[in-house]
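S.K.: Listed below are the residues making up each chain.
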Amino acid sequence: MDNAFQKDCLEILASKVERGEISRRRFTQMAAMFLAGAPALLRSTGSYAQAKELVLVNWGGDAMTAYDKAYGQPFTKESGVTVKMDGSGPTEGAITAQFKSGKPSWDLLDVDPFSGISLGKQGMLEPIDYSIVDKNKMRPGFGWDTAASTYFFSYIVAYDSSKFGDLVPTGMADFFDVKKFPGKRSMYKWGAAMWEAALMGDGVAPEKLYPLDLKRAHDKIAAFKENVVAYWGGGAESQSVLIDGEASMALIWSTRAQLIEQDSGGTIKFVWDQGLISPGALAVMKNNPGGKENAMKFIASAQTPERQLEMFNLLGQGPANPATDALIPDDKKRINCVDPANMAKQVPLDMEWYAENYGKAFDEYTKVISA
Amino acid sequence: MNGKSTHSRKLLLLAPLLLFLGLAYVAPFLGVVRWSFTMPETGLGQYAAVFTDPLVQSVFVRTLRICLIVTAASLITAYAIAYVWVRGSSVQRALAEFCILVPFWISVLTRAFGWLAMLSNRGLINTWLQSAGIISEPLALARNEFGVIIGMTHFLIPFAVFPIASAMRSIDERVLLAARGMGASRTRTFWTVFVPLTYGGMIGAALIVFVFALGFFVTPAILGGGRSVMVAELVYLRIFQSPDWGLGAAISVVLVLFIGILLTLLRRFIKPAHMVG
Numbered sequence: 001m002d003n004a005f006q007k008d009c010l011e012i013l014a015s016k017v018e019r020g021e022i023s024r025r026r027f028t029q030m031a032a033m034f035l036a037g038a039p040a041l042l043r044s045t046g047s048y049a050q051a052k053e054l055v056l057v058n059w060g061g062d063a064m065t066a067y068d069k070a071y072g073q074p075f076t077k078e079s080g081v082t083v084k085m086d087g088s089g090p091t092e093g094a095i096t097a098q099f100k101s102g103k104p105s106w107d108l109l110d111v112d113p114f115s116g117i118s119l120g121k122q123g124m125l126e127p128i129d130y131s132i133v134d135k136n137k138m139r140p141g142f143g144w145d146t147a148a149s150t151y152f153f154s155y156i157v158a159y160d161s162s163k164f165g166d167l168v169p170t171g172m173a174d175f176f177d178v179k180k181f182p183g184k185r186s187m188y189k190w191g192a193a194m195w196e197a198a199l200m201g202d203g204v205a206p207e208k209l210y211p212l213d214l215k216r217a218h219d220k221i222a223a224f225k226e227n228v229v230a231y232w233g234g235g236a237e238s239q240s241v242l243i244d245g246e247a248s249m250a251l252i253w254s255t256r257a258q259l260i261e262q263d264s265g266g267t268i269k270f271v272w273d274q275g276l277i278s279p280g281a282l283a284v285m286k287n288n289p290g291g292k293e294n295a296m297k298f299i300a301s302a303q304t305p306e307r308q309l310e311m312f313n314l315l316g317q318g319p320a321n322p323a324t325d326a327l328i329p330d331d332k333k334r335i336n337c338v339d340p341a342n343m344a345k346q347v348p349l350d351m352e353w354y355a356e357n358y359g360k361a362f363d364e365y366t367k368v369i370s371a
Numbered sequence: 001m002n003g004k005s006t007h008s009r010k011l012l013l014l015a016p017l018l019l020f021l022g023l024a025y026v027a028p029f030l031g032v033v034r035w036s037f038t039m040p041e042t043g044l045g046q047y048a049a050v051f052t053d054p055l056v057q058s059v060f061v062r063t064l065r066i067c068l069i070v071t072a073a074s075l076i077t078a079y080a081i082a083y084v085w086v087r088g089s090s091v092q093r094a095l096a097e098f099c100i101l102v103p104f105w106i107s108v109l110t111r112a113f114g115w116l117a118m119l120s121n122r123g124l125i126n127t128w129l130q131s132a133g134i135i136s137e138p139l140a141l142a143r144n145e146f147g148v149i150i151g152m153t154h155f156l157i158p159f160a161v162f163p164i165a166s167a168m169r170s171i172d173e174r175v176l177l178a179a180r181g182m183g184a185s186r187t188r189t190f191w192t193v194f195v196p197l198t199y200g201g202m203i204g205a206a207l208i209v210f211v212f213a214l215g216f217f218v219t220p221a222i223l224g225g226g227r228s229v230m231v232a233e234l235v236y237l238r239i240f241q242s243p244d245w246g247l248g249a250a251i252s253v254v255l256v257l258f259i260g261i262l263l264t265l266l267r268r269f270i271k272p273a274h275m276v277g
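Chains S and B, in that order, give the protein sequences.
With the working numbering applied, the first sequence corresponds to residues 1 to 371, in that order.
With the working numbering applied, the second sequence corresponds to residues 1 to 277, in that order.
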């Protein structure tokens, strides 16, 4: 998905600093830590992680700081293993290249679970060792053979409340109903969750979605095309489409929806009804230089509720460990995409289906929206 | 100094450029050519797809249509600007120069977002038209083909101005005086003497704008509303999103060949020195 979600997290973090939600001092501290680590990071480029060291590859920018603060430093403190953040982006292509080189320099990878599953099937990833990583500290169904869920976000309906009077959309049928909810729509350029939304909008029951009837989904999307003003490719774009009043309703990331609600002074609202939950995951490179066991221990340490709470505060990501939900203050529970009350209204994306079908489905989706 | 050594000296001066182009463009592009014949399997399958796949076809057709419209719009606007720039009063000249150079210096990204601010539903134009009571609902000016055409035309006008202005400058003033002396009106002198003398510059400008427009990526990506409006975006999608790079590679090769043919034509019609003014 162009790693678009991961990139958006960085923008969100930066904007939180701008708004003063993260103090300048704290930001400076984080920046200082990051800068202090930078020379070591540079030196590590091209070399191999040492035994007492793990290299975590994510999508760069402020997420590096967040990962370091929430997960890296506490892990180093308790285990003595340094965790270096590398923001160069673990794309499927890059992981494949690392694997084929025979001497990978990466240990931990921040990947979409469906990438984790398909790369795992190709033997490029270590199986997750569930004797170290605790499956009970995960939401049921979100621990895969070669990827462990570490956070969540959702694709949800956000709408301009000034356009609909007292009416509130209650699901995908309303998203696709321009008579009841007039105005243009905006959907996701990279297809994920849009098929599910179209099928539910077409009357398919949430529990009967998979395997997806792509033909039916694309017919629905094709017929709805003229109502879509823009297919947003990144979070900032989804924000401007709603704030500028170009769309009266959009399917967007829950992490963004919170920001848009604030920015619009509450005019743009969002609902969890029939939202589509999407997990993020960590995977371990096959024959990783820092040792399989340490990598598994790191994943296990990232299951600590307090550390996941930190990530929730920094990036708005829903925690992977259900025990974290309770630590979230009551006024923030509303924006936690996996809070029991919110999760009950939503449907998780089936990562196994995506691992099998995403490439082809996305090709078809592009044809439908661009033709 | 004999001619041969001057020649080899010139080649030596060109060497860094040739080396750079070779390493940065030619060598990687050969890799792309190879993909187009080998991914996912060896053969011409991807080229068959380029010429039969309905999506590729519709994007190619749309790209050509947009490029033609943009070329025509840029040419007409640039002609007027160039005329003022070359033949206007000193104030007019300064103004024209300002209008040509300022957008020329601003990044393509900034300009695309600027147009979004102008053309979107709550943008300047719609807000103004609505408050003036001329329209009740905002016009769909951006996030569609229309927005892409506006943004691209704006970007490309300066590139059309230079060759046209160059052609205008090289017109011998006495020819125009002669026409007037023979009793032709100002209008007639303009249409039957002045304009034909600038045809070369116009053809050069048209080809430059058209070729440039074919490869546009940023402007359509921002102003086109996320659909793959133009070929460059389609290539990006195929390479970055699809595990099968062959089709994206084949589209690139076809595009490069097409541009190569156009450039050959360009060289026929006009000396390179003319095109840049």
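Since the hints were derived computationally from the structure, they do not count as laboratory data.
Heads up, a few of these hints could be off.
Which chain B residues stay away from chain S? Per the calculated CB distances, all over 12 Å, these [stated by the list, open to error]:
1) Thr6
2) Ala27
3) Leu30
4) Met182
5) Leu237
6) Ile239
Output of the computed footprint for chain B on chain S, the stretches with three or more beta carbons under 8 Å from beta carbons of chain B [to be verified]:
7) 66 to 75
8) 231 to 237
Cβ-Cβ distance ranges computed for the label pairs, FRET-style [unchecked claim]:
9) Ala222/S - Glu137/B: 34 to 40 Å
10) Gly60/S - Leu21/B: 54 to 60 Å
11) Pro140/S - Pro103/B: 46 to 52 Å
12) Leu197/B - Gly60/S: 53 to 59 Å
13) Gly266/S - Pro54/B: 42 to 48 Å
14) Glu352/S - Glu41/B: 25 to 31 Å
15) Gly22/B - Lys121/S: 36 to 42 Å
16) Glu137/B - Tyr210/S: 36 to 42 Å
17) Cys99/B - Lys121/S: 43 to 49 Å
Glycine is no exception: its CB is placed at the ideal position from the N, C-alpha and C atoms.
S.K.: Decide, hint by hint, whether the structure agrees.
M.R.: Here is what the structure says about each hint:
1. Thr6: Its Cβ never comes within 12 Å of chain S, the nearest being 45 Å, so this holds.
2. Ala27: 18 Å, holds
3. Leu30: 19 Å, holds
4. Met182: 57 Å, holds
5. Leu237: 6 Å, violated
6. Ile239: 10 Å, violated
7. 66 to 75: violated (count 0)
8. 231 to 237: It holds, with 4 qualifying residues against the three required.
9. Ala222/S - Glu137/B: 34 to 40 Å: Cβ of Ala222/S to Cβ of Glu137/B: about 25 Å, so the range 34 to 40 Å is violated.
10. Gly60/S - Leu21/B: 54 to 60 Å: For Gly60/S and Leu21/B the Cβ distance comes to about 30 Å; the hint is violated.
11. Pro140/S - Pro103/B: 46 to 52 Å: 57 Å, violated
12. Leu197/B - Gly60/S: 53 to 59 Å: Given a distance of about 56 Å, which is inside 53 to 59 Å, the answer is holds.
13. Gly266/S - Pro54/B: 42 to 48 Å: Holds, since Gly266/S and Pro54/B (Cβ atoms, about 45 Å apart) stay within the stated range.
14. Glu352/S - Glu41/B: 25 to 31 Å: 27 Å Cβ-Cβ, so the 25 to 31 Å window holds.
15. Gly22/B - Lys121/S: 36 to 42 Å: For Gly22/B and Lys121/S the Cβ distance comes to about 40 Å; the hint holds.
16. Glu137/B - Tyr210/S: 36 to 42 Å: For Tyr210/S against Glu137/B, whose Cβ atoms are near 40 Å apart, the range 36 to 42 Å holds.
17. Cys99/B - Lys121/S: 43 to 49 Å: For Lys121/S against Cys99/B, whose Cβ atoms are near 58 Å apart, the range 43 to 49 Å is violated.
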